[in-house]
Structures are given as C-alpha cells and as structure tokens.
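Chains A and B, in that order, are what the protein sequence lines are. For what it's worth, the working numbering labels the leading residue of the first sequence as 3, then goes sequentially. For what it's worth, the working numbering labels the leading residue of the second sequence as 3, then goes sequentially.
Among the hints, a few may not be true.
Same chains, same label: a pair holds when it works inside one copy or across any pair of copies.
[Claimed, not checked] In silico SDA-like links for lysine to any residue, alpha-carbon gap of 20 Å or less:
1. Lys214 / Asp362
2. Lys214 / Pro173
3. Lys274 / Asn153
4. Lys274 / Met156
5. Lys307 / Ser85
6. Lys274 / Asp299
7. Lys240 / Glu386
8. Lys337 / Val109
9. Lys305 / Ser277
10. Lys274 / Thr317
No lab work stands behind these hints, which were simulated from the structure alone. Please read all numbers here as calculations on a predicted model, not as lab measurements.
2 protein chains.
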Amino acid sequence: MAFDISRRFLLTGSAGAAVAGLTACATSSAGSAVAQGAFTPENASVENPYLLGAPEGVALLSRNENPYGPAQSAKDMIAYAASKGAYYTSGEATMMLKEMIAERHGVTPDHVALSTGSGEILSAIALHYGPNGPIVAPRLFWDTTALYASNLGMAEISRVPLTAGMEIDLPAMESMVTESTGLVQLCNPNNPTGLVLPGDVIRPAVARMAAKTTVVVDEAYIELANDEEGTTCIPLIKEGHDVIVTRTFSKIYGMAGIRMGYLIAKPETAQKIQSVVMSWTPSTSIAAAIGSYNDMDFINFSKGKIVEAREMVTTTLDALGLEYLPSQTNFVYFKSGKEANAVQEAMASRMISVRGQYMDYNEWTRVSMGFIEDVDRFCKALPEVLA
Amino acid sequence: MAFDISRRFLLTGSAGAAVAGLTACATSSAGSAVAQGAFTPENASVENPYLLGAPEGVALLSRNENPYGPAQSAKDMIAYAASKGAYYTSGEATMMLKEMIAERHGVTPDHVALSTGSGEILSAIALHYGPNGPIVAPRLFWDTTALYASNLGMAEISRVPLTAGMEIDLPAMESMVTESTGLVQLCNPNNPTGLVLPGDVIRPAVARMAAKTTVVVDEAYIELANDEEGTTCIPLIKEGHDVIVTRTFSKIYGMAGIRMGYLIAKPETAQKIQSVVMSWTPSTSIAAAIGSYNDMDFINFSKGKIVEAREMVTTTLDALGLEYLPSQTNFVYFKSGKEANAVQEAMASRMISVRGQYMDYNEWTRVSMGFIEDVDRFCKALPEVLA
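Kindly produce the complete structure, drawing on both the sequences and the hints.
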C-alpha cells in the first residue's frame, strides 16, 4: 500500500474521522479496486486484506480499539448469524442478550435497551433530552453523540472546565445543574483523560444531580477500571435515581466494527430511549454479543494485554520524565511538551498512528493501546520524536 | 421446540412484531438457555439452531424475506469483516460500497448515503422532513418509518385512499400536496399490495409533486419488478428533481438480519440525511453488501425462486377462484373471503406463518414467498383452510 494512502489514514484515522469520511474521502483509493472488479461473485473474498483495520505496516494506536478482539466466541456466533442472515433479528435473540446483560447487573431485562453501538443509544439520549435544556458535561468528554444532536439543532452543550488536575469538576458541574437542565452527561472513566472518578465520589454527586434532571454516565471503558464494581453508577439505578448507564462492546470486547451497545435505566426510560433508537441492530451484532458477553477468558486475556501495554507506555514516559494522567482505560494521555499535531506527524512518518490535538490542549497526546508489538514501536519511537 | 413457542412466533413473527418484541416478550424461552449456560466461552456456537430464523418446522411466509440469502459472496465478506471486527469501519470500505452503488445507478458517490437497513434511512428522512409538515402517503404503504417519527411527535401522516383497484391514487395524492407538505412518501412496488406504478405513470407525477416538496420513493422491492429500469425514479434525481430513492439489501439480497440500506438523492440531500442517520453501520453489514452487490448469479437465482413461488401461489389462487393483486414483489396479497386473522390462525395451526389483517382489509391476506417447499405447503393448506 502506497505511503500516501497510509499517510491520510495515519492523520485522519480516528473514529470521528472515519465517520466524517463517509462523505469526505471522494479521492479514495477504493475506486481502482472496483474498477478492477475485485469483488466479483466468483471471487468475493476480500482482495485487499487492509480494507478494514490498519493499513499494512501501520501501528494503529489512535482509536482506542482492542485489536485482540473479537473473541472466537463472538466470531463463531457471527458465522451462525450470517448463515441466518436472511431473517429479521428474532425477539428471542434480542431477549436472550437482554437477559444476559440484566443477569450480570442484577436488574430485570426491562431495564435494558440495545443499540447498534453505544454511540447510537447515546445519540438517542441526546436527541431525546436535548430539547429540554442544555446538556451539561465536562469540557473534555466523548462528545460525538452530544454533537450529533447539537448539529441537528436539537441540543446545546454546556461544558464545565476541568480541575487543574484535568479531572471532571463535579462540584462545578453540580452548581450548573438545575431543573431546566436537559441532561447531565459524564464519561467514567473519562476520554481522552483516562481518569476515573471513584464510586464514593461520583455516586453521591450523580444522585444529587439526578434529583434535578436525568444523568447519563457513559461507562464505555469501565471494564478496564481497577475496581469496576466499586466505580459503576448502576447501583444508583437500582436505588431508583433518574440515571442512565451506557456500555459498549467496542472496547474490552474488541468489537468496534461490529457495533453493539446497551443502556441500563429505569424500565420506562429504557423503553422510551429504545423507541428513539433509529436502527434495528443487525443479528450479527446481537449474536456476537451473545457469544462473547460472558467469555471471561477472552476478557481477562484482553485486560492483561492492555495493562501490559499501559505499563510499557508509562515506563517509557517515566524514563523520559514526562507528565501523564493515571489511566484506567486502554489509552494514555500524556504531556509531551511538543505540539500534539507535530507529534502526530512525526509518529505518522514512522507509520505509527496516534491522536492529534484535543481542543486547546496543544501539548497533550493520546496514545491507544494495541498489539504489544505496535505499542513497543511507539515506545521506541517516542524518544526520537521528542528529541 | 414446543408448539406454544412456535405459536407465538407464528402469530407475531412479523418484522414489526419482532421489533416490538424488544420490550414485549418478557416470558421468552430464552432465559432457560442462559440459565443452562448455553453460551459459555468453551462452547460458544449456538445451541439452538432456531435462535434466528424460523422455528423448527415452521414455514415462514409472513415477513417478505428471501431465505435463499445471504449469498455466499456476502457470507465470505462477513467472515472477513468479523476477523477485522476490532476496528471501526473504514472510510475506504464505506467509499468502496458507495462507488459500487453509484456506478450501477450512473451517479457520483456523493449522491449515496448509507444506513443500517433502509428502515433507518427512511426513519431519518421522516425525522428530518416531518417537522416541516404532514407526510402525504398512500393509505397502505410500508409505514413503519413514518410511524417512528410520528411516535416521537416529529411527524404527522396524511393518508390518501387507494383506488378501487387498490392502486396508489396518484392524482388524489397530487391534489393533497402543497408547498407546506413536509414529505411525500411512496413505496413502489407497494407493500402489502405488491402493485407497481409504471415509470411513465409515477415519474411525471413525482416530478410535479417534487416541485412543491421532497418526494421519497421506497424501492425496497424494485429488483423484483418486471421492468426495474423502466420503473425506478432514480432518473428524476439525475434530472435535478427533489426526489430521494431508497433501496435495501433485505429483499432480493436476502440480508434482512444483516441490515444494509441506502439512498440516492441530490448530494446536499444525501449529506444532510447521512447526518441524521443515528447508527454507524457495522463493518459486517458494509462488507456483506460489498461482497454481494454485483453478484448477479445470486440475484438471478433468487429472482427465479421468487417468480417460481409466485406462480405456484397464483396458480393455486386461480384454481380456487380467488381474487389477488398482480404482484411484482416477493409476496402476494389475495382476497380469501375469510377473516384475515382467522386465516392466519388456521395457517398457524399447520405451522405456516402468514400475515394477519392490515387496517380494515379484513378479508385480505399477504403471503410471502420463501423456500419452494414451504410455499408448496401453503398452497396445499390453502384449500383446507378456506374450506
């Protein structure tokens, strides 16, 4: 694959860019493959093994994916679902997944709503609550879904500055929240900081805010937190608070391309948001989730790889004397002391993909974990890049 | 599988019911499978081969599916996408599919928007145009997506009576359309009637209505029309009219569970509606579409099976002297002379699933094509059921 193609990927290969790319990449290389008839009925297997995933030779460390996924248990179920792909997703499969989710979290299945990735259900939440008043959120969070509603004129985002330590400033958020707030949105662990608000800090604050409006906590990375059970806000839902927790199969489960997400909430909330969700989730996605949801061997394997990679990164950062935030996710946000976009460019020239600048955090870089050998390349390149 | 489970399926197994079933089937049999640990990491392949698709022994002729799908070319690409499932769908794959679609229809890729099934993009269209004024549509059409927006308070549906022959009454629709109409929605071929408005009839009427408001034509079944090229409204888009055409992989492609749909429209319309689409379409769905879109062997095979089945049904109806509408789809709408719900019950008792009553059309039954042997069972059962 020519470097100019990889280069575009290296600099725009974030999830957001991939979506924006739906309309943007009119000069894609794909046209030639079509012209060559790469996908004929006689030879329908993929001609370009890099059509999905990282281009050849690229260390993909920019999108918080888990390249060790999907689990074999997920792939087996996808093959089954493909063989039954002629049929609309069954109520039985949907209910089976809801029951598995409900069982783990100690709720009944009517507390669960499903969507094609948690991005969709977060977008549905933003669309539903946005017209009621501003979405109060930390200055830095995964804002893609709030922006979805905002871009449609259905929501306004009110961002609350972080603390000096780049933590979510819960007291400041609480002081902003009134009964005319449309929604409070938190991401815990947060993205791109990787920081966790512990349960004994976040839960009382969320409970107080939920007395005034609905609070959604995006827990996309919580399976990677040191104390998942002690951190999640799901107990607040069981106590009857007006709280929604969202989860995803894109991170620890390594299924970002398969798209499966869910929420836990009061039954009436779950039902309402389910009616706002726009897509019917593919049977392949639901089947993959059924196959791997309780695959603890895979989950533990993935978590082990992520922790190993994170320690490689922090050891490197320590050796270089660089500041970083203590991550409980599959990425690390660190202060390189150089312009983030220049760091991204320099990494790209070494076929390593990291994130560019967030907002005005011009000296901070987010690096995702990935294959151990790719993280190793990053660790070896970093001293050169910052030299 | 116990008959009581099949019975519920037989009477509610429509696509709409399956979706409603997301919250409704709390007494599902699935719980026991979970309790039995059917999906352990060690044994993740499906324990119940009927989790998706028709329950054992059921002739599934109620949901307009094509059980001969997906094509092997689609399944091969799903397996590839599953192996790369860790990664967010690439812009390259998305663009490749758009280019394939654009090439077939003689437009540029910026005329194409993609969604997780055409239901999603039709819902996005209803959500976008609904607030501008009523959605003018025939009394009978595939109204699920207009109802999505209507149920959210974002649209109002204005239904125009059919002609005495149950055709879409285009002159009556035209007389309803003004510049304060939000959207005109047509389904051609129509569902559940199976009737086609020929190109020389629909195109001039759509062009005139599109001078006043946006017109969407749902062409989910058009690959099954006798003269696809002469029937489609895509030429109107090329002429610059304010027209949207939607297509799906759920019908001729046999991928209702995989969920892939698209629209063709003016670039600014395609871009706008893409921004309303809520889900990010799974890589498995996009890959399946890439694999099979130009698989003419499969398409011709499927069309052959559907035409063969349709002739079996109409021969049976002729022999019984029953009225039916001349279908150019994979279903036949016929006047049994008996209560539609009683016909459905009687068929269910024979493990055959057909649709129940539509609106007040109490003596009309819709039967979908399917496996030839299942259609044969229907044909043999019909005289008994109506005796």
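Going through the hints against the structure:
1. Taking the shortest alpha-carbon separations for Lys214 and Asp362, neither the intra-copy value of 32 Å nor the inter-copy value of 46 Å comes in at or below 20 Å.
2. Within a single copy, Lys214 and Pro173 get their C-alpha atoms as close as 15 Å, which meets the 20 Å cut-off; across copies the closest is 53 Å, which misses it.
3. Taking identical chains as interchangeable, the C-alpha atoms of Lys274 and Asn153 lie at most 20 Å apart only when they sit on different chains, with a minimum of 10 Å there against 22 Å within one chain.
4. Taking the closest pair of Cα atoms, Lys274 and Met156 come within 20 Å of each other both inside a single copy (17 Å) and across two copies (15 Å).
5. Proximity of Lys307 and Ser85 under a CA criterion of 20 Å is satisfied inter-copy only: 19 Å between copies versus 32 Å inside one chain copy.
6. Proximity of Lys274 and Asp299 under a CA criterion of 20 Å is satisfied in neither setting, with 35 Å inside one chain copy and 43 Å between copies.
7. Proximity of Lys240 to Glu386 under the C-alpha cut-off of 20 Å is found in neither arrangement, the shortest distances being 51 Å within a copy and 54 Å between copies.
8. Taking the shortest Cα distances, Lys337 and Val109 never come within 20 Å of each other, neither inside one copy (41 Å) nor across copies (47 Å).
9. In this assembly of identical chains, the alpha carbons of Lys305 and Ser277 never lie at most 20 Å apart, being 34 Å within a copy and 34 Å across copies at closest.
10. In the homo-oligomer, the alpha carbons of Lys274 and Thr317 never lie at most 20 Å apart, since the shortest distance is 47 Å inside one protomer and 46 Å across protomers.
Consistency with the previously given hints fails for numbers 1, 6, 7, 8, 9 and 10, ordered from lowest to highest.
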